[in-house]
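Participant: Residue numbers (numbering that gives the first Met the number 0), protein chains in the order written: chain U, 0 to 442; chain W, 0 to 175.
Just so you know, not all the hints are guaranteed correct.
Here's a subset of chain W near chain U, in silico, CB distances under 8 Å, partners left out [to be verified]:
no.: 1; residue: S35
no.: 2; residue: P39
no.: 3; residue: M43
no.: 4; residue: G50
no.: 5; residue: P68
no.: 6; residue: E73
no.: 7; residue: F77
no.: 8; residue: Y78
no.: 9; residue: G97
no.: 10; residue: G137
no.: 11; residue: C139
no.: 12; residue: K157
no.: 13; residue: K159
With beta-carbon atoms standing in for the labels, derived distance ranges [to be verified]:
no.: 14; chain 1: W; residue 1: D165; chain 2: U; residue 2: E18; range: 35 to 43 Å
no.: 15; chain 1: U; residue 1: E333; chain 2: W; residue 2: D165; range: 32 to 40 Å
no.: 16; chain 1: W; residue 1: I11; chain 2: U; residue 2: S258; range: 22 to 30 Å
no.: 17; chain 1: W; residue 1: K159; chain 2: U; residue 2: K274; range: 44 to 52 Å
I should point out that these hints are in silico values taken from the structure, not numbers from a laboratory.
It should be emphasised that the depicted structure is a prediction, and the values quoted were computed from it without experimental measurement.
Even glycine gets a Cβ: it sits at the ideal position worked out from N, Cα and C.
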Amino acid sequence: MSKKLLLKNIDVEGIKTFEVFRKHGGYSAAEKAFKMTPDEILEEVKISGLRGRGGAGFPTGLKWSFLAKPEGVPRYLVVNADESEPGTFKDRYLMEYIPHQLIEGILISSFCLGANVSYIYIRGEYSWIPEILEYAIQEAKAHGFLGKNIKNTGYDLEIYVQRGAGAYVCGEETALLESLEGKRGNPRLKPPFPAVKGLYQCPTVVNNVETIAAIPAIISITGAEYAKMGVGRSTGTKLISACGNLNRPGVYEIDFNLSIEEFIYSEEYCGGIPKGKKLKACIPGGSSVPILPAKLLLKTANGETRLMNYESMADGGFITGTALGSGGFIVLDEDQCIVRHTMTLARFYNHESCGQCTPCREGTGWMYRILKKIEEGRGTYDDIDLLWNIQSKIDGNTICPLGDAASWPVAAAIRHFRDEFQWHINNPECLTKNYGIAEYATI
Amino acid sequence: MTKNGVSPNKEIVFSTESLHKVHEIIARYPEGKQKSALIPILHMAQKEFGGWLDVPVMDYVASLLNISPIEVYEVATFYTMFNMQPVGKYVLEVCRTGPCMLNGSDQIIEHIKEKLQIKEGETTKDGMFTLKPAECLGACGYAPMMQIGKFYHEHLTKEKVDEIIDLCRAGNIAID
Ligand SMILES: Cc1cc2nc3c(=O)[nH]c(=O)nc-3n(C[C@H](O)[C@H](O)[C@H](O)COP(=O)(O)O)c2cc1C
Ligand code: SF4
Ligand code: FES
């Protein structure tokens with residue numbers, strides 16, 4: 000059994016409530032933090048090596064150190080709970096079952112950053128979760144851990160939960176801030192970065208739910224102890240949301256030393272693939288990262304065992320490697336059709352493009368339509384080259400990374416499964432086991 | 000529930016309780032930043048005024064927040080959760096993105112289409128059900144799934160869908 004930090008108490012009965020959470024050591028990290036200076040807390044976070052769990056893996060301590068601190072201007076901590084990357088459902092788990100851990104994390108982080116107001120921006124569809132969070136906030140307030148003059152420190156903090164309304168792009172931090180200001184979720188041009196001009200043009204830190212939920216553990220055990228867990232620049236633990244064709248899909252807290260093979264097949268984790276089917280492919284870090292065929296997934300191109308950490312996943316770059324991303328681990332068994340799967344992802348990105356940049360707005364639509372054409376048995380070999388051409392023209396040419404995220408899955412699918420695309424063109428009968436291709440309903 | 004407007008004799012005003020909530024929400028943001036309340040208030044308006052956002056409803060929200068109507072239209076049309084046309088009492092939002100597709104969401108959608116005799120985006124004649132295909136709702140590990148109102152229904156099978164539809168018809172399902 001690997002050591003757990005985030006899910007250590009997840010099965011404790013009543014852990015949702017302040018009382019039980021407190022009994023199991025909850026808010027003691029906050030009490031410890033209040034005896035430290037903000038700079039000391041920042042130092043612990045830096046030493047911990049914690050990297051953002053939202054997808055990009057940017058070092059959290061470094062991000063916090065960029066926060067501008069002009070006199071008399073408020074600063075904000077905004078928690079990114081938009082969680083809309085296909086394959087990803089870990090933040091939901093944390094918020095639904097152990098909300099106080101996030102609240103305590105926000106408290107320590109805001110204290111460190113000097114923010115007196117923090118917003119949790121949660122995807123609108125998680126419509127039963129705001130109540131859970133708001134209840135936890137009320138409880139924390141009643142016990143003096145939020146509100147004015149928290150525990151006689153003279154520090155004030157209010158936390159508000161804000162619902163989105165269905166837009167993947169609002170997970171991108173600047174689109175999120177626009178949305179929080181009551182506008183369309185159009186990503187902003189950077190620079191300026193949120194650390195300088197964020198919410199209401201004030202200095203802002205945007206962090207993922209899991210990132211912030213890891214802060215109490217870091218303060219409790221110290222940054223140095225946290226950094227000892229894991230390997231290299233992958234420190235601490237990571238939540239993985241496993242889905243697709245697995246016997247035991249769900250949310251797991253893993254050690255960065257774990258091999259992908261063990262994660263998929265061992266009883267402690269996903270318990271293998273249903274009906275003893277063979278592993279065909281996997282997208283291990285949320286739909287935006289490259290898909291890998293089984294062979295390259297379990298072992299790197301150099302023949303080394305691939306592990307569930309940032310470096311090992313990325314071994315081979317985008318040619319023979321992939322990325323840990325958000326930890327959305329999608330498994331495809333031998334019966335699954337790569338073309339159809341890629342088509343659903345292309346449709347997703349096309350639907351979610353905000354439309355500001357031509358390559359993304361038009362390119363995602365082209366990719367979807369061509370993939371649909373191939374999927375429906377009307378494709379030609381030229382279409383494969385055209386797809387490749389379109390994705391290469393989106394990548395790197397847009398305001399926000401949604402464009403790149405749309406192009407990478409298509410590029411990797413063609414790179415590793417070109418023969419399946421060709422087979423599909425010659426054998427439209429693959430369709431016989433698929434049906435129900437639907438155009439977008441605009442209501 | 001007409002397509003071109005709420006019936007003219009029905010006045011659009013929030014209940015006292017909702018108005019109270021509106022003020023509470025506005026107070027979450029700094030002075031002058033009340034526009035931040037737009038999305039939360041549109042959610043409330045959609046719920047209170049018939050499940051979709053008609054123009055007079057959006058104009059009312061604009062007046063509450065002291066912003067221009069166009070600022071509301073821009074936002075309402077951007078986000079998929081806001082319905083720009085009338086919908087049925089129960090909107091079946093079935094996820095069909097990759098991970099759900101791998102677990103048979105296509106068959107679930109097909110089953111609902113056949114059972115209710117509607118296509119994607121359509122509403123049954125009795126105004127009970129709308130089928131609205133959705134993209135990843137963050138329940139991929141519990142696929143296939145659909146959202147009805149506030150709640151998720153996971154690990155769907157055809158039989159489970161039949162049961163849910165019966166529960167809806169009998170008015171025995173929580174939607175908020
Ligand atoms: C299209 C798009 C969608 C994103 N969605 C999310 C999301 O749902 N949750 C999240 O935490 N980060 C998401 N991100 C990453 C954020 O922009 C940002 O990097 C992250 O919230 C920073 O937090 P972290 O450093 O704690 O990871 C997304 C980025 C892009 C480009
Ligand atoms: S890349 Fe796509 S989603 Fe991002 S800003 Fe451009 S059009 Fe919008
Ligand atoms: S793909 Fe359906 S919930 Fe994620």
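Participant: Of all the hints given earlier, name the ones this structure violates by number, lowest first.
Facilitator: When the structure is compared with the hints, numbers 3, 4, 5, 12, 13, 16, 17 turn out to be violated.
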